[in-house]
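Starting from the given sequences, assemble the full structure and let the hints guide the process.
For the record, the sequence lines run as chains A and B.
The letter at position 44 of the first sequence is residue 43 when you use numbering that gives the first Met the number 0, and the numbering goes up by one with no holes.
The letter at position 27 of the second sequence is residue 26 when you use numbering that gives the first Met the number 0, and the numbering goes up by one with no holes.
Since the hints were derived computationally from the structure, they do not count as laboratory data.
Don't take each hint at face value.
Identical chains share a label here; the pair holds if one copy fits it or two copies do between them.
Lysine-lysine pairs mimicking BS3-like chemistry, simulated, CA-CA at most 30 Å apart [stated by the list, open to error]: (1) K124 to K97; (2) K97 to K82; (3) K141 to K82; (4) K16 to K48.
There are 2 protein chains.
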Amino acid sequence: MKESNSPHEDKRVQRSKNAILAVTYKLLTEAGIAGVSIDEVSRRSGVSKTTIYRHWTSRSALLMDACSKIGSVPVTPDTGTLKGDITELATGLVQQLKSARWAAVLPSIIDAAERDPELAQLHAKLHAGQMVPYFAVVEQAKKRGELAPGTNVSEFVASIVAPFFYRRWFTRQPLDGAFVNGVVDGLLTQLKRK
Amino acid sequence: MKESNSPHEDKRVQRSKNAILAVTYKLLTEAGIAGVSIDEVSRRSGVSKTTIYRHWTSRSALLMDACSKIGSVPVTPDTGTLKGDITELATGLVQQLKSARWAAVLPSIIDAAERDPELAQLHAKLHAGQMVPYFAVVEQAKKRGELAPGTNVSEFVASIVAPFFYRRWFTRQPLDGAFVNGVVDGLLTQLKRK
Chain A
0 MKESNSPHED KRVQRSKNAI LAVTYKLLTE AGIAGVSIDE VSRRSGVSKT TIYRHWTSRS
60 ALLMDACSKI GSVPVTPDTG TLKGDITELA TGLVQQLKSA RWAAVLPSII DAAERDPELA
120 QLHAKLHAGQ MVPYFAVVEQ AKKRGELAPG TNVSEFVASI VAPFFYRRWF TRQPLDGAFV
180 NGVVDGLLTQ LKRK
Chain B
0 MKESNSPHED KRVQRSKNAI LAVTYKLLTE AGIAGVSIDE VSRRSGVSKT TIYRHWTSRS
60 ALLMDACSKI GSVPVTPDTG TLKGDITELA TGLVQQLKSA RWAAVLPSII DAAERDPELA
120 QLHAKLHAGQ MVPYFAVVEQ AKKRGELAPG TNVSEFVASI VAPFFYRRWF TRQPLDGAFV
180 NGVVDGLLTQ LKRK
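Dropping the structure here:
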């Protein structure tokens with residue numbers, strides 16, 4: 000059965016899909032990815048497993064759909080300078096890492112992706128979507144001449160975000176303004192040299 | 000009951016502890032941290048739960064003891080330059096991230112740590128141990144005058160390792176020599192400016 004998002008889509012189908020996603024999301028934030036089974040989603044939502052599998056071909060597909068509602072894509076800043084833009088993005092990221100539910104759920108997704116290639120692919124795609132504003136501000140900086148045309152954008156974006164993820168999940172050190180400034184200043188110093 | 004590592008420790012006790020750790024390690028690498036329960040460890044090792052709890056006060060303590068055998072602490076390089084030292088450490092890290100079992104198991108530990116403060120504390124301690132060689136080479140560089148005395152060592156170490164962890168678990172992009180060189184060169188450019 001083909002899934003459609005056209006305005007003609009049956010309202011009842013949409014309601015049922017929303018109920019399934021809401022339950023999946025709830026299970027995900029309660030117990031991580033291991034807490035989400037199609038059986039449990041069916042039981043709690045009151046929607047049959049057959050219907051669930053009609054909307055999503057696999058547990059992984061359902062999970063990623065629910066996950067995509069957890070992590071929000073930040074707004075692309077336009078402060079006029081690379082320093083302003085990445086400071087704004089980094090400050091927002093730090094806020095999210097300290098408080099948002101996805102920060103507590105993400106490790107369970109990454110863990111499951113280690114054993115589920117479909118989920119790994121979906122997670123990488125989702126993550127790429129969340130990084131779009133970072134790539135956008137780096138491109139803007141290139142246009143303004145703040146960055147050399149040959150700058151490796153992918154490496155540069157990794158250098159912006161990775162230290163924050165690292166502190167959140169590896170060292171559990173404070174994610175404060177001083178750390179944001181330290182990371183941003185370090186990156187800008189790199190650029191001035193090139 | 001007090002645990003002792005003295006030479007007088009009963010050989011039978013040591014054998015039993017080793018058997019428990021070996022089973023825990025095996026379960027951990029097979030199914031991640033969720034696959035490790037004291038029940039299952041007892042069943043597979045043939046050691047009673049009472050005895051297991053005599054050696055380790057909690058499942059978290061047993062897990063971390065087993066984990067500490069998974070991730071090995073790298074040898075501190077001494078190439079004579081900061082560039083040589085961090086290139087050697089980063090190259091070794093990339094090899095580990097691509098092939099070592101702990102790279103596949105670590106996300107499950109980080110995930111569990113989100114809901115288990117004791118495990119979170121133990122993981123941070125274990126990770127700090129693995130970072131000792133990084134802090135050591137940065138201190139050596141300070142002594143040689145390659146680094147300003149005021150360099151924030153903790154931020155600097157985060158900038159070395161975080162991009163590799165990020166690629167391994169978030170973007171799943173290639174961890175190749177070009178990426179190692181890009182990260183190392185970026186860091187050294189930062190330092191020359193300061």
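Hint check:
1. Within a single copy, K124 and K97 get their C-alpha atoms as close as 23 Å, and across copies as close as 20 Å, so both meet the 30 Å cut-off.
2. Taking the closest pair of Cα atoms, K97 and K82 come within 30 Å of each other only inside a single copy of the chain (22 Å); across copies the shortest separation is 34 Å, beyond that limit.
3. Taking CA atoms no more than 30 Å apart as the test, K141 paired with K82 passes in both settings, with 13 Å inside one copy and 28 Å between copies.
4. For the identical chains of this complex, K16 and K48 are intra-copy neighbours only, at 12 Å inside a copy versus 45 Å across copies, given an alpha-carbon limit of 30 Å.
Every hint, counting from the list given before, is met by this structure.
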